[in-house]
Structure formats: structure tokens, C-alpha cells
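Engineer: Residue numbers (the working numbering), protein chains in the order written: chain B, 1 to 252; chain X, 1001 to 1291; chain W, 2001 to 2344.
Source of the hints: derived by calculation from the structure; they are not laboratory data. None of these values were measured; they are calculated from a predicted model. Careful: at least some of the hints might be erroneous.
What the hints assert, rightly or not - Restraint-style ranges between C-beta atoms, simulated for each label pair:
1) X/L1084 to W/Y2066: 20 to 30 Å
2) X/L1191 to B/K144: 37 to 47 Å
3) B/V17 to X/Q1140: 26 to 36 Å
4) B/T56 to W/K2077: 30 to 40 Å
5) W/Y2066 to X/H1021: 17 to 27 Å
6) X/G1141 to W/T2217: 25 to 35 Å
7) X/L1084 to W/E2094: 54 to 64 Å
8) X/L1084 to B/S177: 30 to 40 Å
9) X/L1084 to B/Q18: 52 to 62 Å
10) W/A2052 to X/Q1140: 23 to 33 Å
11) W/R2133 to X/T1059: 40 to 50 Å
12) X/L1084 to B/K110: 29 to 39 Å
13) W/T2217 to B/K138: 22 to 32 Å
14) X/Y1229 to B/T56: 57 to 67 Å
Claimed, not checked - Sample of chain W residues with no beta-carbon within 12 Å of chain X, all distances over it, derived:
15) R2047
16) A2158
17) F2297
Cβ coordinates follow ideal geometry from the N, Cα and C atoms, glycine included.
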Amino acid sequence: MGVGIKVEHLDAWFGKVQALHDISMDIPANHATAIIGPSGCGKSTFVRCLNRMHETIPDARAAGKVRIGDLDIYNGTAAVQVRRRIGMVFQKPNPFPTMSIYDNVAAGLKLNGFHDRKRLAEIVEHSLKLSALWDEVKDSLKKKSGASLSGGQQQRLCIARALAVEPEVLLMDEPCSALDPISTGKIEELIFQLKENFTIVIVTHNMQQASRVAEFTGFFLLGKLIEFDRTEKIFTTPSDKRTEDYITGRFG
Amino acid sequence: MPNSSDSGPIRISLRRRGMNHAVTLAAASAVLLVLLPLGAIFAYLVYRGVGALNWAFLTQIPKPVGEPGGGMANAIAGSVLILLIASAMGVPIGIGAGIYLAEYGRNRMGDVIRFTADVLNGVPSIVVGIVAYGVVVLAQGHFSALAGGFALGMMMIPTITRATEEMLLLVPQAIREAAYGLGIARWRTTLSITLRTATSGVITGVMLAFARVAGETAPLLFTAFGNQYWNWKISQPTAALSLQVFTYAISPFDEWHRQAWAGALILIVLIVISVSALRVAAGRGMLKGIG
Amino acid sequence: MSNRALGAPPPPGPQPVVNSVVASDASSETRALLKARDPHLWDELFRLAVLACAVCVLALVGIIIYELATRSHLSWKAFGLKFFFGSEWDPVNEQFGAWPFVYGTVVSSLLALLMAVPLGLGVAMFITEMCPRGLKEALAFATELLAAIPSVIYGLWAIFVLVPLLRVYLQPWLARCFGWTGLFAGPPYGIGMLAAGMILAIMVVPIISSITREVMTAVPRQQREAVLALGATRWEMIRIGVLRNARAGIFGAVILGLGRALGETMAVTMVIGNRPEISRSLFAPGYTMASVIANEFSEAATDTYLSALVEIGLALFLVTIIVNILAQVLVWSVTRGMPARGHA
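Chain B extracted, bound-state conformation:
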């Protein structure tokens, strides 16, 4: 069900400062791709360009060609349409605090005009099962608020919320960095299962995590894509010296 992402010559700016330089890569469908690199290298910016979230920051802009499946997201499509087809999970879990668990998951659908009650309930259940949260919350769906869950549960709620609108691609921006190891493990397991139906791009500063969950990895440095290849190759025999320096811990 997932689609591939083709990025061609993507540049991005914050005001006058250029954050991404001529990024080109082919992200394969139905696989997980990790984006690694030291702080400030542009990983988050890159991923936010894939669903046109980058431009929500004042004075920020992007230029280039990004194709998600058959969709050219910068040419001929409204940003809002793009974001409906691409899901995003953020670094710090951000469930809507005044809404119940049910309403959180249903939010993407309800607020976009989808009103079939029965269908909605099915989709909510399906999404919560996909994100392995169903069993833990099925009895208090409408009673508990989204913010009353633990950190790991909140993040899985956010994943369910993103999945409910049936995106083709799921972007994850350091989804585990605010979580404890057990929750992190649960989410990594989740990514394994989700790969079958979605294309996943995950930003991580944790190299072990990248090698655990992703088949492909892209290494970024100072806004440029240095190397993109199968994960095993990146971590065992990288082609570029800078990649090697990073993964062996010489900087970053």
C-alpha cells in the first residue's frame, strides 16, 4: 500500500539561511528508511519538506521536485492535500489535550469532513490496533483524554491518529527520543509491522535504532546528503569517509 518517494534537487531555506543543498534520493516503497546525521544537519528539515510542513514556519521556503508515488507535491497540489496523504509523528508526543482518545484518533477524519459514524468507529479501532494501543485503551476510549496516557502510549496514540487518515507514507521525526527504552522497543516493533503497508521515513540520532528498524539509511551532514544506501552497507563499509567518521563516533 505504500509508495516510493523520489526527491530531486531539493533546496530549503530559513529566511536567508540555506538549510538543505541539492538533495536527491529515491526512497523505496514499503520499506523503512532512516535519516541520520549530527544535530543541525538538516534531517528534520528534510523530512518536513516531504509533507510541506517546512513552509508553515514564517520566512521558510523550499524549492525542488518531490514525487510521492504519482503526486508531485510542490507542483499542482495544495499543501493541505499533500498532508492528508502523508502522515507525521513528531518528536514529542502531541495528542490534542482537550479531546478523548477516540476523538484524537478520529480528528484527522472528522475535521476533514468525514462524518459516517459507524465507519469512523471502525477506522478508529483499526488504527488503534495497527499501533498496538487498542488492548490498553479499548475500555476508556471516550472517557480518558489523550493527554492522560503515559509518554509511550501517547506516542502510539499519535501514530494511530496519523494512520487513521490512511496515508501512503508515514514520516517520523525522532519519535522515540522523548520515550523510555521499553516504550521505544514497542514503537520499533510497530515500525516493523507497519512497513508492510506503509513507506516509513524515520529521522533518528540513534544509530543502533537505525540499524534495527531500517533497511535503507541516508546520512546527512551540514544540509547535504552525503550517502544513501542499504543500512548494512552504511554501517559496515561506508563509501564516504565522513560517513565513516560519524558512525564510528568521531564527531556528532
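On the provided structure of chain B, position chains X and W as indicated by the hints.
Structural biologist: Below, chains X and W without anything else, positioned relative to chain B:
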């Protein structure tokens, strides 16, 4: 500085210690002196007001001068009418302006509007009455509840705008981003997500504004003007609780003085309820919505 | 590939094709529904709607200035600047001099500040620095309650409780002890400038106290600790570590209180006596700018009369605005942008 006649451990001089205690005493006295009128006002309101409060007071309109009995029912109803008009004007404009300032107004234009709202806030209430007179009363040709509502509505706006803006700014950007990430349009995000998260704080602001104008008299003196009879038409002069209390208080009749106290008691009860309710909301609800 | 920045309009041509791999009928139906709407129009409409509300705020202040300026024009033309220095307020002969009201406003406000500033500062100091934890909330609530009491109720209480107290106890005592100053001469009616000043003081204390509390709290802990570490007593710590740093803000609080006192209408009208006289004695009745408008506006029979009253209103407006702006600037300089909640 140690006292030069001391030996052994350094001790603070008697003069300095004395000064410290004197100031503490003075500050405590200030508190007592300020709490005194507070207590006295409430005590008298209850003491004089309860005595004159009866069923007739709440259900009848004033009797002609000199006759005992009668009540302020029309004034209570009139106040409700005027406050409804004021809220209908002040609440939407106030919240709308607050949304503008928080979501679209982080710029020069926003600064101008913020400053203007502060100016509006500081206008003396009697001057607001003059303006409402010029805009509404002169246009209609007579005093009216609408004019009174317009004046009070003007006074509600700055408070509501400020509160709405502050509450919306408290909503973390991450919440908005989560909504954008789901493909929800900006206007929908602002209304259904951001505003909804800030709801209890915004309501607090509205109640604050409401409590402030509920007791106002000056702007109603030559807008609503007052009325000895029932009036439900918004284009006619209308009685108001605060106006009635004023008129009765400065009159030479003892009977009316008694009723003034009763009217004041009702007025203060309504306001205290609003102020306390908003304190509870502020302590509990306002921050409940924030992640 | 052209590096076309965002914002270029979409060219005509083939529209993006729906993904051909569909897992179930239901999901394509969901996606179709979600595809349908274009939010640009609604986003713009919403933005215009809230902008309109914001512009209303501007418009209202514009209306205020316009109304005051145009309706006072008649009086301005007739009397010019002398209006504010003339002492003759004679509606019958259409002679209007507003000096007694200016005098009354200034004197009553200053008298109020004289009493309210030490009280307000004392209360603020007590609540922030001296009072035990549990009492803080209660005292803060009590001062908020004082601020919430409507002016007309203050006036009611003043007429029937404060004034008799003045008449029977305070004024005779003042005349006995301080009569030689000339400030406490004449028959002790109770009603008059002193009563007005006192009730104004009570009304203004909550504002001074709450703003002072805000600025005192804004002074960083390190300042207090630095002074204490030198061996200061609590009062010395307050004086040197807090008050000195918060000086500008406290001054601003006082100015805000002044602003409130200048515009206060009902309570003052009910106890000041409403006679356009100027007297040295605080026992004598007086008249303020707000009071004359309150009393005479609805009975002003001629255009000039009305215009004169509006001109007084305009003056009151301008003075209050200037005073409030000054106060905001002073308070802001200490709290550095923390919003100053000036009222209630």
C-alpha cells in the same frame, strides 16, 4: 554593620531591628485598614440589604414616589437585557480580535491593534457613555437599551481580546503542527483545535469582562437612561439595576434608600459569583487543557 | 529541473493521479472524500473575518475621538483655551468655565493618592514579602474582591456609612487638631472633598497594590538573596533589593491609580457635593469633571451647554490616555513585557 560597642558575635543594632519590626507593623496595619472597608461594605450590604429584600422586591416594579413597597424587578430584567446586548457585541468582536492578534498579528499591525485595545481599555466609563449617546441615542432620537448595550459592549472588548490572545498563545505550537500534519486547514485548526484547547481560559476572560461591566452605572446614565416600567424593547429607555441603585440612593426618600441597599446586594451577589467562578476556573480549567 | 520556489500558481495540465494500489473500497472512499475540499477560500475568509474584528477595535477608538472632537467643537470655538481657566459655570447665561471641575478632579485625585499609595504599597509589601504562605491567597483574593465592587455600591456605602462617620467623628476631630492649617475649616457636612478623596482612595488601593505586587514579584530572587547575604534585615532587603529595583514599576502603579481616580464617576458624584466651588478647605463641597458630565449631560438644553460638557469629556479622555500610556511604559520597563493587567 556591627554595633561598635558589641563584643563577641555580630548583632544587628537595635535601631535596625526596631525599624524592621516597625515596617512590618505598618504593612500589617495597612492590610487591616484596607480590609476594614471591604468587610464593612459587605456587612452593611447584608445588614441593610437583606432586610429590604422580599418577594415583592424581586417581582414588582417601582411604586410611585411616596408609596411604600414596590420593587426593582424591571431593573433586574433591564440589566439582563442590556448585558445580553453588550455581550452579543463584545464577545464575538473581542474573541475575533484576540484570534487575530494571536494567530495572524505577530507583526506591526498587531502591535498597533494591541496598543489601541489598551487605549480603549483606559477610556473613562463616562466618556464611553458620551460616545454611545452620540452614536446611538442621537441617531435613534431617544434613549435605549441598545445604546446602553453598545456602551457596555465597547468596554468589554479590550478585556476579552487580551485574555483570548494570551490564552491562545499559551497553546503550544506542537498542537497546531499536529493538526497541520493531519492535513487540517488553518482556519479549521484555529477554531477546532487551538481555540478549543484554550476554551476555559477564554471563558474566564469573558466572565472577567462581564463582571466588570455588570456593575457599571456611568455609561448608562444617558444611554439606557432608566425606566419606571417594564421594557423589553431594545430601542426604548430601559431600567438597570445599577442605575436604579444610584437614583434611589441620592433620593430623599427612606423607602427608596432601603430598596437601594437591596438592589446593591443583588448586584454584588451576581458579581461575586462571577468573580469566584472565574477564580475556580483559573485554578483548575485554564491549565487543564494544556498538554 | 527548475528550482521554482513555492507560491507559483499550479499550471494547467494533468492532475495528480490517485494511487492505483487500493487496499479496500472503503479506504478509497475515505480518500476521495478527503481529496474534495480546497481550503484556500475558507482560510482567506476566516482571516478576513478576524481581521475585521481587530479593525473594529481601531474603528471604535476612531469613533470615540471623532465623536468627542466634533461635538465639542462648538464650545471650543466659543471659548477657546480660556474654557479650562474660567471659573464661571453658568448654563443659564451660556457662560462655561471648567476650572472648578479641573481643580476638583485634581484635588480629589491627589488626596486619594496621598492615602492610597502608602496603603497600597504596604499591602503589596505584606502580601509579597511578609505574609505566611496560607494567607497570601486569601489576601490576594480579598484585594481582587475590592476591585470588583462597582462604583455605585462604593457610593451607596459612602453616603450612608462613611459620610455620617465623617460628619460626627472624623471631621470635628480634624477641625480641632488641624484646623489651624485652613484645610479643615467650615461646617462639617460630611459630604465634600474629603469624603470624595477617601472613597476614591479605597477604590484605587487595589490597583496600586496589585500592580506593585506584580513588579515586586518580577524582581529576580538573586537580588533579594544578594542583599540578605550581606546581613540585612527583612525590611532592608525589601528596601534595597526589591523596592529600589522595582521603583519605575511602582511609580507606574501609582500613575495607573491616578488614571483610575481621574476617571472615576459614580462614587465621587454621590459624595462630593456637586457645587462648582473652589475652596481651600477639604470640608467644602466640590465638583469633578466626570461628575458634572454625569449630573448635567441629560439635562443640557442647549447645543453650547452640551458641547461644553463634551469638551470636558474630551479633556478627561486625553488626560487619562496620556496617564495610562505613561503608566504602561513604566510598568513594562520593570516587568519587561509581562502583560500588565491594569484593572479588576
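Engineer: Take a quick look at W/R2047 and tell me if its Cβ sits farther than 12 Å from every Cβ on chain X, holds or violated.
Structural biologist: Check fails; 6 Å does not lie beyond 12 Å.
Engineer: Do the beta carbons of X/L1191 and B/K144 sit within 37 to 47 Å of each other?
Structural biologist: violated (24 Å)
Engineer: Over 12 Å from every CB of chain X: does W/A2158 meet that, or does the non-interface label fail?
Structural biologist: violated (10 Å)
Engineer: With respect to the beta-carbon atoms only, verify the hint that X/L1084 and W/E2094 lie 54 to 64 Å apart.
Structural biologist: violated (41 Å)
Engineer: If I claimed the Cβ atoms of X/L1084 and B/S177 lie 30 to 40 Å apart, would that claim hold in this structure?
Structural biologist: violated (52 Å)
Engineer: Indicate whether the distance between the beta carbons of B/T56 and W/K2077 respects the range 30 to 40 Å.
Structural biologist: violated (56 Å)
Engineer: Taking 23 to 33 Å as the hint, is the beta-carbon distance of W/A2052 and X/Q1140 inside that range?
Structural biologist: Because 25 Å falls inside the window, the suggested range holds.
Engineer: Does the hinted range 20 to 30 Å hold for X/L1084 and W/Y2066 at CB?
Structural biologist: holds (27 Å)
Engineer: How does the Cβ-Cβ distance of B/V17 and X/Q1140 compare with 26 to 36 Å: does it lie in that range?
Structural biologist: violated (59 Å)
Engineer: Could you let me know if the closest chain X CB is still more than 12 Å away from the CB of W/F2297?
Structural biologist: violated (5 Å)
Engineer: May I ask you to test the hint 52 to 62 Å on the CB atoms belonging to X/L1084 and B/Q18?
Structural biologist: Once the Cβ atoms are compared, 56 Å apart, the range 52 to 62 Å for B/Q18 and X/L1084 holds.
Engineer: Would you say the C-beta atoms of W/Y2066 and X/H1021 sit inside 17 to 27 Å of each other?
Structural biologist: violated (57 Å)
The structure shown violates the earlier hints numbered 2, 3, 4, 5, 6, 7, 8, 13, 15, 16, 17.
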